[in-house]
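Protein chains: 2
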Amino acid sequence: MPTDLELARASGQLDIKAIHDLLLLPSRKLLRDKVQNTLEKEPLWDPTIRPHLNQAQSLLRSLRLCYRLLQLRKLHNWSQEEYREALSLSDDKLPTTLHEIAFINIIYSQGTNEQREQWLPRCQRLEFVGCYAQTELAHGSNVQGLLTTATYDYEDGRDEFIIDSGGIEGAKWWIGGAGVLANFALVQAILKVPRRGEGVESLGPHLFLVPIRSLTTHLPLPGVTVGDIGPKAYGGFAGMDNAYIKFDNVRIPRTNMLMRFAELARGGKYTKAKHDKISYGSMVAMRARMPENMGWVLGKAVTTAIRYCVIRRQFTSPGELGGNEIQVIYYASVKHRLFPLLAQSYAFIVCGRELQNRYTQMQEALVSRGDTSMLPEIHSLSIALKVATTNDAVKGMEVARRAMGGHGFSWMSGVGVWWANSTASQTYEGDNYVIAQQTARGLLKHLQRLHQAKAVGEKDYELPPSSGYLNLAARSFWLNPSVILSLLSSRAAYLLGQLALAISTSPQKSWTDHSFATFALCRAHAELYLASTFFSILSSRPDIPPPVYTLVLIYSLHTITSSLSDLLESETLTPSNARELRYVYDWILMEGLSVSDVVSLTDAFGFRDWEVGVLGGKEGRVYEQMWDEVQWREGKEGRGKREKVAEFEGGQRDIWERVREEARGVLGFWKEGGEVQNEGERKRAAKL
Amino acid sequence: MPTDLELARASGQLDIKAIHDLLLLPSRKLLRDKVQNTLEKEPLWDPTIRPHLNQAQSLLRSLRLCYRLLQLRKLHNWSQEEYREALSLSDDKLPTTLHEIAFINIIYSQGTNEQREQWLPRCQRLEFVGCYAQTELAHGSNVQGLLTTATYDYEDGRDEFIIDSGGIEGAKWWIGGAGVLANFALVQAILKVPRRGEGVESLGPHLFLVPIRSLTTHLPLPGVTVGDIGPKAYGGFAGMDNAYIKFDNVRIPRTNMLMRFAELARGGKYTKAKHDKISYGSMVAMRARMPENMGWVLGKAVTTAIRYCVIRRQFTSPGELGGNEIQVIYYASVKHRLFPLLAQSYAFIVCGRELQNRYTQMQEALVSRGDTSMLPEIHSLSIALKVATTNDAVKGMEVARRAMGGHGFSWMSGVGVWWANSTASQTYEGDNYVIAQQTARGLLKHLQRLHQAKAVGEKDYELPPSSGYLNLAARSFWLNPSVILSLLSSRAAYLLGQLALAISTSPQKSWTDHSFATFALCRAHAELYLASTFFSILSSRPDIPPPVYTLVLIYSLHTITSSLSDLLESETLTPSNARELRYVYDWILMEGLSVSDVVSLTDAFGFRDWEVGVLGGKEGRVYEQMWDEVQWREGKEGRGKREKVAEFEGGQRDIWERVREEARGVLGFWKEGGEVQNEGERKRAAKL
Ligand SMILES: Cc1cc2nc3c(=O)[nH]c(=O)nc-3n(C[C@H](O)[C@H](O)[C@H](O)COP(=O)(O)OP(=O)(O)OC[C@H]3O[C@@H](n4cnc5c(N)ncnc54)[C@H](O)[C@@H]3O)c2cc1C
Ligand SMILES: Cc1cc2nc3c(=O)[nH]c(=O)nc-3n(C[C@H](O)[C@H](O)[C@H](O)COP(=O)(O)OP(=O)(O)OC[C@H]3O[C@@H](n4cnc5c(N)ncnc54)[C@H](O)[C@@H]3O)c2cc1C
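So the protein lines, in turn, are chains Z and R. Numbering of the first sequence is given in my numbering, commencing with residue 20 and proceeding in unit increments. Numbering of the second sequence is given in my numbering, commencing with residue 20 and proceeding in unit increments.
Here chain Z stands alone, though its shape is the one from the complex (with noise of 0.2 Å):
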């Protein structure tokens, strides 16, 4: 028998490969299928053994992946996108992720031409394995605050910087790769000058290539204190073996500072970097790539969610006694909380290529004639696109796990790991609060230069593109993407206007009274930018289905819905306005997609069953896979489940045997009168 997925299936008629290509060029499609072909034959992937262990337990894992896809590198002679792409396909990151993503970008990107010559082979044959190394235990989000020093030497004909942590606040902390694996660290330390008889120049941090464990034993060396920081919330991250780092008075060459942009010369001359932001450019980097990759991992749950809702059924209509049950993708609830998160997918996925696009080519201007003049714009615009899809992404993806009902709360729903190992992209890469602040002083910024500029009666002062909307003002057909434009341009504005005149109104408040507002400035800026961009794009693409609009409107509908309050409150739309607006928001969701379309517009994603949750398998057998799954311990046989824990703890005994052993004295209490029943048990007692 069919199952209710294969049947959506069968009454759609959508062009799924059209809508794929859109989701993932072409050329990246066949990198990722040489790799998923790969990876799905490797036992280790196995997505089922991961929610069994404990953060040690997962690191060894993680640690087996490691070293299994340098063995498929060399195996299969993989280019080092074919690599980095599989290092991003596992459920877990890895300890070798930042080696590649952080640390060899950027000695490549702030490296001079010697020094990249003299490291990076070492790194790309793995001698060297490097960190990134900027947060401390008391300092994060001031990076001018840092404690760690690295004073310069030159005393005695000595060239060499002096790294200090200056006592545990100073430690490095959540260093990624380092607890068990990295012999290098690329150290952010506040560069301090001593100048004869002038005290010690102190220049603001700067990056050091420090070596932290012996390249021999791979033990700590001398003045290094490091190890793993112990397991994080919800399990996330477990397989990544986050450090603390401290030194004490570790002596490296002066030619270990990257000095590509800023330079210490032999003897204590400094020459500034040129653009103030330049030193920023590998946290850009990171940042306008996290938008395409939050769409992909909630797409992950999103495909899962609606697939499962797809085949669960629930409640018969009334009236329809002892007929089938409601598939529960048709209740409004499920509607309203599901369907907009696959147009949050789409959106995060293709205008976060977008934006990568435009990195790159702020990097080759930068690179190639030193050219800064697209930076500012790339980073306010890369620090609003990430607050708001990693925001936006995690709170999707409890939504859809929630969805899922009870069995979303099982492991089987895969949302659990993919979250935990999410909610922190809201921290990293610069905490959202107050990163949000930067694009917020950008926007400001370009008011006043607007104000200045009509004032003295000039030329308009020339918005950068992203801030293009703050000369518009229309309204009329909410599907209009003019119209929706519009009105995300009016919110983004209004919400600017509140910020300028709060500021200008109470002189005596501090930027810091005003961090709530930038949040929300910032969100609206991205989203408005996610919108648009998403319009633009599908607009040159005729061969995209029709449901793929429909996302668009959802996704445009959805923010302007959750945001009406604003709309509202700067009379932007009056009340009827605002409840028209829900009721073609509401029809859309109800009528505008069948679930035909959504298995189509999830499928388009291109997921392996092993890489969705169990309750997303594509063909829809869902209680049969749960029932399989949790017969192992009971001794069923089960795919050698069993074994492979058991790999993983290690012990003598399963540790199920002793589980049930536990349980057993436990029932026995009442039997012997409440005396101990059993070994472990006598033990306890004893220590009464």
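These aren't lab readings, by the way, just hints derived from the structure by calculation. All values reported here derive from a predicted model rather than from experimental measurement. Worth double-checking, as some hints may not be accurate.
As the list makes no split between identical chains, a pair holds if one copy fits it or if it spans any two.
Unchecked claim - The calculated SDA-like cross-link candidates involving lysine to any residue, where the alpha carbons are at most 20 Å apart (straight line), are:
hint, residue 1, residue 2
1, K528, R601
2, K528, Q333
3, K528, S336
4, K528, T335
5, K48, E373
6, K528, R598
7, K660, G670
8, K637, D23
With chain Z fixed as given, assemble chain R with the ligands onto it according to the hints.
Frame of chain Z; chain R with the ligands shown alone:
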């Protein structure tokens, strides 16, 4: 040197005791203190072990906790109340919990006097350990649609039920306490009575007491397939052995059906229960306890976050170079996130207790006089509060965690396990989106009768207290309780009106189409109740210091500003009203509570240090403690933790040794030209 927390306290003058008594009645405090004083000394309760364990290990630990609690109960002669308090004071949900709060309670409330006498003593001494088995693999919300049947067999003088799952989709699933522990299950099954010559009569779900494991061997009984369903999302409920149970024609005596209300006599005569909701009684009891519990766990998270944000400093004020950095609690975005959570936590605790009092009154009326008149109101109200408080507390805990920046993502924030255990509360005891509809239905019924009453010119239809606002409409100054309550009333009334309108104007739509609107209505109903109850409780308590009043205002204004679009759309407020309201709300958050106030308000919860996160210690020496906490794995002693964790791992070798070896293997890869390094890798390579 005093910490920032100590300084904040020194500058405060609040009478913490009065506030603490408001949160925790002195009688309960005595009891909790007694239990806490004992548990505090128990090594097993050390909360810093738990994050290091996987599901099996957590279960091992929680079973030991269960066992130890039984020992302690005996040793200290704990009352039932004290024992239950102790059960609830563990971070993990314990396997014996459902035995206490579901199994025993339900037998008491739904068993006949003989059934009580026959079973309860054996339950009390843990000879019978039970679970509550309602949900099935394919059915949860729809109890009427359960597949498990209890078929009465009275042929040949037999007088038995045959319990059968009817296939794996009818297997019980999620059954807490039964994975390894319980030997009895209270099974919801569809009662079927064959009527000679007239087929089989189906009488809907009833409860049956079914033995599942042998009282002597503790092995599953014939016809029973039972086991643990495996890890849950986020590592939640790791200490609970949620189970599947499949029944294949298991026979039990007729007298094992709970028959206080509905009855099946020997031979098959069936007597219906008097009130159709009567068997939900125990569900109502569970739900009525949830709001207060949610308040306490949110309170832990917010205590940790506020304390940490008082000691956490980041950035100097512009212009104040070299000065102290700002305590992050002073940032608007921190106040806007944390203070409303503090207010919610107080509201949930105080009003949640009030709800339980009303439940107790109802229950007394029911049990002593068979009086069911209060049932519908308490049923509907407990749903509304369950929905709103689980939703907000869960959302709030994660907000609190993120407000702690990077360290919030460490297990040391404590929030991870609280949140992971709590988020499922939105699903169990009835999925929020499903049960919200019942409150909405009830309200629609009231509205209808209100209209009818008006139409025939009768005396006004009398509304139950929680819905009294439907008659109201007024407006005035924003901090006046009557204004606030009338705004919240108008909002709920507006949502109800809109829903009624939508139903009446589109008769072609089904109830299915309204499940999103009903959720919003249910929340609005609950939020009005919470605000008004909180106000009225405080109005009779002049001894409570003013900052608690400020919390009620924050709770109310937070709710109102979060639902401004409803109030604007309904034209209850004008745009300029809305701006004013937001202004007032911002002002209260920024100026209404001093840092010393919020420290006192969190101190007033009375949490011990082991109950809150490491980041939330009372003294505020966070960094030293964090540093200590990460040393043990690297061989430093640190309170014998290595041994404590190893006890659960049960391996011959320290797992961290294996982890380090694995890391060395990865590092060695380049050296050996890609050859394998150690035994483990050699084995894996062989599988290539
Ligand atoms: C999983 C994970 C992996 C990481 N990996 C690395 C790594 O590999 N290398 C590395 O160097 N670091 C890493 N980090 C650290 C991360 O970059 C920092 O945690 C992050 O930048 C936030 O800084 P913080 O922890 O100091 O937060 P804080 O700044 O201390 O934030 C605490 C609170 O104060 C608020 N706050 C602070 N300043 C302001 C302000 N000016 N205005 C308003 N509110 C403010 C924040 O919003 C937050 O609520 C990682 C972190 C995590 C969670
Ligand atoms: C940690 C945990 C512990 C548990 N412990 C126990 C236990 O000890 N004993 C026990 O018997 N059970 C237990 N349960 C099961 C729990 O009671 C059910 O999971 C819960 O009632 C939800 O039912 P469901 O899983 O069938 O969800 P479903 O009803 O299948 O929900 C799936 C989706 O459909 C939607 N939906 C369903 N019906 C409607 C409708 N009419 N209108 C709109 N939307 C609808 C839901 O909102 C949800 O989005 C536990 C569950 C968990 C997570």
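Are there hints from earlier that the structure breaks, and if so, what are their numbers?
Violated: none.
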